[in-house]
Amino acid sequence: MSIQNPSSSVPLGNHQQPADFDGGVFTDNQNRFPATELLKYAGQWVAWSLDGTQIVASGKDEAALLSNLQRVGIDPSRVVQGRVEPMDGTVHL
Amino acid sequence: MSLRFHYRLVRTGKPILPLGGRSVRPRPVIPITLIGPLGSSVQLAVLDPAADDTVFSDHVAAAIGLDLTQAPQGSGAGIGLASVFLRYAEVSLRLAQGQERREWKAWVGFTAAKMLYPMLGFAGFLQFFDALYPGT
Chain A
1 MSIQNPSSSV PLGNHQQPAD FDGGVFTDNQ NRFPATELLK YAGQWVAWSL
51 DGTQIVASGK DEAALLSNLQ RVGIDPSRVV QGRVEPMDGT VHL
Chain B
1001 MSLRFHYRLV RTGKPILPLG GRSVRPRPVI PITLIGPLGS SVQLAVLDPA
1051 ADDTVFSDHV AAAIGLDLTQ APQGSGAGIG LASVFLRYAE VSLRLAQGQE
1101 RREWKAWVGF TAAKMLYPML GFAGFLQFFD ALYPGT
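In order, the protein sequence lines correspond to chains A and B. Going by our numbering, the first residue of the first sequence is number 1, and it counts up by one from there. Going by our numbering, the first residue of the second sequence is number 1001, and it counts up by one from there.
Certain hints may be false.
[Claimed, not checked] When the alpha-carbon atoms are kept at most 30 Å apart in a straight line, the in silico DSSO-like pairs for lysine-lysine are as follows:
#1 B:Lys1114 - A:Lys60
#2 B:Lys1014 - B:Lys1114
#3 A:Lys40 - B:Lys1014
#4 B:Lys1014 - A:Lys60
#5 B:Lys1114 - A:Lys40
#6 A:Lys60 - A:Lys40
[Stated by the list, open to error] Using C-beta positions, here's what the derived DEER-type ranges look like:
#7 A:Gly89 - B:Asp1067: 34 to 44 Å
#8 A:Arg71 - B:Gly1135: 40 to 50 Å
#9 A:Val72 - B:Ile1016: 30 to 40 Å
#10 A:Gly73 - B:Leu1017: 37 to 47 Å
#11 B:Arg1022 - A:Asp75: 35 to 45 Å
#12 A:Thr36 - B:Gln1073: 40 to 50 Å
#13 B:Ile1079 - A:Gly43: 12 to 22 Å
#14 B:Ser1023 - A:Gly43: 30 to 40 Å
#15 A:Arg32 - B:Gly1135: 16 to 26 Å
Keep in mind the hints are simulated off the structure, nothing from the lab. Since we're looking at a predicted model, the values are computed, not measured. Here a beta-carbon is modelled for each residue, glycine too, at the ideal position from N, C-alpha and C.
Next up, chain B with everything else stripped away, as it sits in the complex (with noise of 0.2 Å):
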């Protein structure tokens, strides 16, 4: 069985060049539940098949009761190539969709970095399923 999610539909205020000239930029963004030790919380995060790692804000891994202070480290870069720090923990991850329901432990890296969204990348997210991207 599938989860099925429609795009997170972005609207940009003026045409996009090249879509064409429509307004509404289609955006993977999926409600995802993290659980640490001392509780849950439900981020919006985007699908990036091309992303490594699955990284959330160091501000989720609080709030979920994760200790950070001896986690392994290591670092990422995206566009810019500007290197951030990661922290690693394994935490579950859990999708719900209709009457679907997923969860799974991950190993999942935290950063003080400032992100646009979370990042459901391959470590952690992708490495456990099929997704499709239809076109819109």
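Pulled out of the complex, with its shape left as it was, chain A reads as follows (with noise of 0.2 Å):
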């Protein structure tokens, strides 16, 4: 999908966001993850790595995955968070 944004209201940045992080480099590496491994995390919550190659952390939900991170010493704001689906065929209405 492609977003636009025709407003100059819209001021541009670069300050506080990791100098390398590109989203469509990491949803095309994160396409590419093995479904079989990405399995074991069904249903969980998990900390990518910036580009998208690894899960470097994981947790039952939110609270827990922030937990874990802590406990491991990773910086969360140096990963990216979301939800794996569980491969149950449910719909999202």
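Starting from the two chains in their separate frames, assemble the complex, guided by the hints.
See below:
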């Protein structure tokens, strides 16, 4: 999908974001992540590396994920957080 | 210039009848950064043109240092029409793809309710953008 902002009222900026983060690269790499490996995390919340190639921590919910990140010393702002959908065929409405 | 993201491909493990038997569902999920007073958080969120607001979990608010105790309040409902409690705060949001960067301030909702994904709705996100969803 593509997203454009035609409005000049939306400011551009570069500060604070990890300089190496590219959401497009992240998504492409995430889509290439092995299905058999991802299945181990079905239904859990995970932290992806910024390039989308690895899962670096997980938890049964967001609170557990953040706790686990803290426990292993990973800066939560240096990962991408999201839920792994269970492969149960549930339809999103 | 555009920011282009491929759909997140979600494997279902069994054929999807309405999609002709394929076993992968495309979801318009993108990584977006929220920036608050004490930090930032990159979240996978779904672009939802039917959502009125942009909504994340309370955990994200805490992680970026937002104090929601005096925040404006509201409520929302989705499938099943169950009402959820929302608290609103102004944050900075950022998208990055290739050499393109967009950053803007927006009011977003936060909730303790469980969500499949954080939602990028009209207020806070789509009000600022034109979005194209090509078929795959």
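Hints and how they fare:
no.	hint	result
1	B:Lys1114 - A:Lys60	holds (12 Å)
2	B:Lys1014 - B:Lys1114	holds (25 Å)
3	A:Lys40 - B:Lys1014	holds (17 Å)
4	B:Lys1014 - A:Lys60	holds (24 Å)
5	B:Lys1114 - A:Lys40	holds (21 Å)
6	A:Lys60 - A:Lys40	holds (12 Å)
7	A:Gly89 - B:Asp1067: 34 to 44 Å	holds (41 Å)
8	A:Arg71 - B:Gly1135: 40 to 50 Å	holds (43 Å)
9	A:Val72 - B:Ile1016: 30 to 40 Å	holds (37 Å)
10	A:Gly73 - B:Leu1017: 37 to 47 Å	holds (46 Å)
11	B:Arg1022 - A:Asp75: 35 to 45 Å	holds (38 Å)
12	A:Thr36 - B:Gln1073: 40 to 50 Å	holds (44 Å)
13	B:Ile1079 - A:Gly43: 12 to 22 Å	holds (19 Å)
14	B:Ser1023 - A:Gly43: 30 to 40 Å	violated (18 Å)
15	A:Arg32 - B:Gly1135: 16 to 26 Å	holds (22 Å)
Hint 14 from the earlier list is the only one contradicted by this structure; the remaining hints agree with it.
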